[in-house]
Amino acid sequence: MGRFTTWLHRMGSPRWFFDLSRPWLVGFLVVGLTLLTVGTVWGLGFAPPDYQQGDSYRIIYVHVPSAHLAEALYVAMGVAGIVVLVWRMKLADMFVAVTAPVGMAITGIALLTGAIWGRPTWGAWWVWDARTTSVLVLFFLYVGIVALRQAIPRADQAGRAAAILAIVGTVNVPIIKYSVDWWLTLHQPASITFTAAPAMPPSMWVPLLINFVGFYSLVAAFVVAGLRNEVLQREADAQWVRDWLGRAT
Amino acid sequence: MSEFLAMGGHGLYVWLAYGLSFAVLAALGLRPLVVRRRIVANARHGAGGGAGARQA
Chain A
1 MGRFTTWLHR MGSPRWFFDL SRPWLVGFLV VGLTLLTVGT VWGLGFAPPD
51 YQQGDSYRII YVHVPSAHLA EALYVAMGVA GIVVLVWRMK LADMFVAVTA
101 PVGMAITGIA LLTGAIWGRP TWGAWWVWDA RTTSVLVLFF LYVGIVALRQ
151 AIPRADQAGR AAAILAIVGT VNVPIIKYSV DWWLTLHQPA SITFTAAPAM
201 PPSMWVPLLI NFVGFYSLVA AFVVAGLRNE VLQREADAQW VRDWLGRAT
Chain B
250 MSEFLAMGGH GLYVWLAYGL SFAVLAALGL RPLVVRRRIV ANARHGAGGG
300 AGARQA
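Chains as they are written, first to last, in our numbering: chain A, 1 to 249; chain B, 250 to 305.
In case anyone wonders, no lab produced these hints; they're calculated from the structure. Just so it is clear, the structure is predicted and the values come from calculations on it, not from any experiment. Be a bit skeptical, because a hint or two may be false.
Stated by the list, open to error - Taking beta-carbon pairs under 10 Å as the criterion, some of the chain A residues facing chain B (in silico): (1) Val38; (2) Arg58; (3) Gly78; (4) Val79; (5) Gly114; (6) Leu218; (7) Val224.
Positions of the beta carbon are idealized from the N, C-alpha and C atoms, including for glycine.
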């Protein structure tokens, strides 16, 4: 066994994860709640209004972080899907199971806030442009993974089917990202990229960055919490879980 | 204060967007707590080798 495979198996041990992950959960939770509070108060109360959109642009502080996170979670789920198929790692399968409904909800936030922002800005709650349509596809991919896992009774088959859909669906992520460049969309292109100066002043983009990290951190806490429950449920017959539950009750 | 709430006439949209976002985030955060409570409760009632806990 190669060193990488050994490391993967140790990492993939549910017990190893459970023993180590409590501080991660607390850390992500504290950082996430703090940053989201700061970024939201700043974005709503102190960032200047937009010269074209007025105050409606403030929706950006929940819309962009949730939309970005929705894509990133899907990619993470796709990577976990590969680990499930290639290495049969339990923890990766649990990650897909826990992340799919969370990603679905976060994509829901992106779609809802986008629709609400679209109404005063474009004059319509919904338009079928490439960006909005590809994000709707992302939402249905998440729904598909949740549904697949529930529809297939045998856990290993359900896990493999969900992993395959997670991997195949990642094709949609670059389409979402580049849709605003490849097609003529009503949706505006990215205001902030790694390669160019931001198209807004620091008083606007700093709170966006704060909420961005806040969303990632808070949702990381939720995923870790979900994974810990998943470990307790699936390893319920293991002696260490019984011992742990015995101490918890 | 009312000026802040009005959001330059876009108050409905801004507050609806934030309200829905944080409602969904709150639900996502509560779910693991509810599941955890159910797992511990099942264990306490001696679900017998975790069969009950697995349903949670």
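*Which numbered hints does this structure break?*
1, 3, 4
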